[in-house]
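> Protein chains in written order, with the working numbering: chain L, 1 to 477; chain V, 1 to 112.
Simulated from the structure, these hints should not be mistaken for laboratory data. Do not take every clue at face value.
Claimed, not checked - Mimicking SDA-like on lysine to any residue, the simulated pairs with C-alpha atoms at most 20 Å apart in a straight line are:
1. L:LYS85 x V:LYS85
2. L:LYS94 x V:PRO97
3. V:LYS105 x L:ASP335
Remember, it's a predicted structure, so these values are computed and weren't measured experimentally.
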Amino acid sequence: MNLDLLTIDAARSAVQERKTSAAALAESFYAKIESDDPKIGAFLTLSKERAMAKAAEIDALAAKGEKLPPLGGVPVAIKDVMVTKGVRTTAGSKILGNYVPPYDCTAVARLEADGAVVLGKLNCDEFAMGSSNENSAWKPVHNPRDLTRVPGGSSGGSAAAVAADMAVATLGSDTGGSIRQPASFCGVVGTMPTYGRVSRYGLIAFASSLDHIGPLTKTVKDAAIVLRTIAGRDPMDSTSADIPVPDYVAELERPVRGLKIGVAKEYLGEGLDKEIRSAIEAAIQKLARQGCEIVDVSLPHTKYAIPAYYIVATAEASSNLARFDGVRYGYRAKDAHTLSEMYRRSRDQAFGAEVKRRIMLGTYALSAGYYDAYYLKAQKVRTLLTRDFEDAFKKVDAIVAPVSPTAAFKLGEKVDDPLAMYLADIYTVTADLAGIPGISVPCGQTKEKLPIGLQILARHFDESTMLRVAQASEKAA
Amino acid sequence: MKVTEKDVAYVADLGNLELTAEERTRMVLDLNSILGHIDSLNELDTTNVPPMAQVSDRYGVDQSKQGSERFAYASREDIHEGLRKSLPHDVALENAPDSDGTFFKVPKVIER
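Okay, chain L solo, but in the shape it has when bound (with noise of 0.2 Å):
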């Protein structure tokens, strides 16, 4: 079976229809992964032993004609952040390199139950903090468009994985921008869900307030489907919103026409590459053939976003990976005498760079007589960022925006200048912060052939209206 372009529905019907089996399915996708792995570095650890048997009891429904679930013998795989039951689990750090968990992610157990087939595990930033996916502490990963530049970050395996045809779907985290800014480097949708629509139990913390769970796919129905099997209020996370979960499938079939559209000069100014700023505008006039409204909106405080980002999200995190430790689990130092030295050493030969430095700048901004200058004064910042887009959306359906100022970077080329990659960060952020949907859905190339990709945010809880939006540019591009 040819596993380029294949999407949920293809796989799923070939598997029901038995013109192959998941099994079979299973090991094409373990066999690729054998060949085209080693050039990209996309996973971790495979799964195999977990994919066979959900296969088999796959194939056994199959057998006896009956319907398979939404993603049924689908092969899927899974950020190396989310938690899996006896498969080792990394979040890409050298102190969780033995970690086997006793318990299964909110979403990965959706995902299964809904018949998917998980691979493997996805390299990723360490803790899921980097945009490039240069901080994982095992290998990087080379953008499969152009294996010299980065797939972005931090959820780059899942973004390459995707692109380079080693599964139909993955799941990735999104922070700061970590699901739109890969999936737009790569050349796959990536779909950022509002802040408590997907459970985050049993994804490793890194800013509580800011993490979401979504899907990286080929399409936007795919987004749709595995979207509609991960949302939906979990008793293990008290933050996940008890709101009821639409048929995002179902919802892709009405029109765009009529919908309002809105564009916000702040994310096509200074900064944007030109290539890009024209392969947005080209995006927005075809929305706008297919009849929607477009209509100037103002997100006046977007230069402060990432100041305010880079504190909540470090002071958070800093707080979070305090329980990494060396007692209960991971990396434990060899050399340390008292329990003092034991946490610290532990701390500090298994955390990377990338990690120390946030975890400093958090407890910085946490410390006496710095918490009111930043912390606080970023908490504030976040009210009128989120303001910002309260005020918008009283004006538009949803808001179209590019999702990175450039294509795809060399590896390297920021790996020295921490400052230079938060500040790509700036058009995804926002979103994050004030816990609205987000999607990059592809629209376009640069000369270079590298992939660009549209940003499309909407309402809190309208994920409906967003992947419509984000289907329409598809169908155009």
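Fit chain V to the known structure of chain L by using the hints.
Coordinates of chain V only, in the frame set by chain L:
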């Protein structure tokens, strides 16, 4: 320079990190560069702006309800009906770097 070597040593201590001399020098540079950018937040007057710690209390809850009532849905069954089953003891210890089968083992706690 806003952040000094001394600040870095103090904050590393709070964060349970040691950092090598080389790492400390680099950290002084990085923190100053990042905080320099973050200082732009002071251009904004936020006197009457409430802080926002999370989004769940603005969205996804019934706005007609007050206080903790808004989050009543988030109470777990176990709060009403006794303890939820937790991990079996041996499973909870499986990932421990050091254990005697009953407890996690750590180096000496009291330093004298």
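> State the violated hints by number, sorted upward, taking the hints as numbered earlier in the document.
The structure breaks none of the hints.
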